[in-house]
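> So you can see what is in the structure, the chains are spelled out below.
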Amino acid sequence: AQSVSQHNHHVILSEAASLELGCNYSYGGTVNLFWYVQYPGQHLQLLLKYFSGDPLVKGIKGFEAEFIKSKFSFNLRKPSVQWSDTAEYFCAVIPFSGGYNKLIFGAGTRLAVHP
Amino acid sequence: DGGITQSPKYLFRKEGQNVTLSCEQNLNHDAMYWYRQDPGQGLRLIYYSQIVNDFQKGDIAEGYSVSREKKESFPLTVTSAQKNPTAFYLCASSIQESTEAFFGQGTRLTVV
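Heads up: the protein sequence lines correspond to chains A and B, in order. The numbering of the first sequence is the working numbering, which starts it at -19 and goes up by one. The numbering of the second sequence is the working numbering, which starts it at 30 and goes up by one.
Pulled out of the complex, with its shape left as it was, chain B reads as follows (with noise of 0.2 Å):
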């Protein structure tokens, strides 16, 4: 089956660590993106890439890495300098950057 899959579902990490989400995609998607949904803020951007070996910050980048080492993969970074990691993480993906975007299940952190 085509789709993008974060994994995974949940995830619980004490204070201090970083951790990784996973996020693949096999729909030879050239654009991904992560976001964090929090309740009553909607989905915000946190880093996005269009093409691989290249990404950019978006508007909440701070305390989080990326890398796009394969056109399949977007792994995300959640270090121990994001100051309140605690949310609901959203991968997607889309054909080109101008395209509508197509999501995964998500994956829900819990720093403990």
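So here's chain A without its partners, still in its complex pose (with noise of 0.2 Å):
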């Protein structure tokens, strides 16, 4: 079954550190990818996505993500986090298979800044 896994449940860190969380998807074939943010108390808000072009897509608040391919990943990044980015984080996939296409989810990744 296609499914998506990010590695890190829980991060912590300091203001100011550089931020990256990994992505992984199990399908090899055509694929959109998102990252989509849920602030404390907040619905769910897309970052970004990425369709196809440029593997590194840049997104709202200083996010960015790359698209590796051979590596099936789309890790998000940012240089330096700040005590508002406080949120959990979601990378998403929506796989196609010729058939009904459906978006799915990974299990988050819950983010705390510390000032």
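Derived CB-CB ranges, DEER-like:
hint, chain 1, residue 1, chain 2, residue 2, range
1, A, Gly33, B, Asp59, 23 to 31 Å
2, A, Gly8, B, Phe41, 42 to 50 Å
3, B, Ser127, A, Pro59, 29 to 37 Å
4, B, Ile124, A, Gly78, 15 to 23 Å
5, B, Ser96, A, His94, 41 to 49 Å
6, A, Pro59, B, Ile124, 28 to 36 Å
7, A, Ser(-17), B, Ile80, 21 to 29 Å
8, A, Glu46, B, Asn57, 27 to 35 Å
9, A, His94, B, Asp67, 20 to 28 Å
10, A, Ser77, B, Asn57, 21 to 29 Å
Hint data in this document are derived by calculation from the structure and do not stem from the laboratory. Here a beta-carbon is modelled for each residue, glycine too, at the ideal position from N, C-alpha and C.
Now that you have both chains on their own, put them together as the hints suggest.
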């Protein structure tokens, strides 16, 4: 079955530290890729997406992600985190399998940034 | 304002009762989704619908049912057959099945 793996369930960083959250998916065909964020008490919001083209995509709030097809990965990065980045981050994939296309999420990574 | 509205925000249900969660969107989106969010498990897909009058089971459809009689509405019924219904339920929609989804605020269901 198609699945999405996020390697870290909890990450704790100090402000100004660099962030990299891992995401791998298990599907060999064409995919659309997403990172969503859920701030405390708020609804899920799209951070960035990749459909095609440049594998390095930039999103909102200084986040970026790189699609590496050979590694089935779509890792999220930010050079310098802020306290306001404290949230839960979800990687998601739409695998194009020739039938109905569904949006599949990983288990999420909870990020805590300390001042 | 355009968006996705889920109601109610909090819902309590007695064991053995069916309950329906509402999801309405005015974004003119074709695709709609229902997810269940549990701590440490991310979002798991319950049902999804690409067009009106059509829907597909997701990964955890047992104990749930849906309908898609109108483009803007995709209600979810949690039946008494669902063994562990207490959870946070999220509805989403997208322009079409391959694009990014927009989420509602969620409904927290508690079975008492």
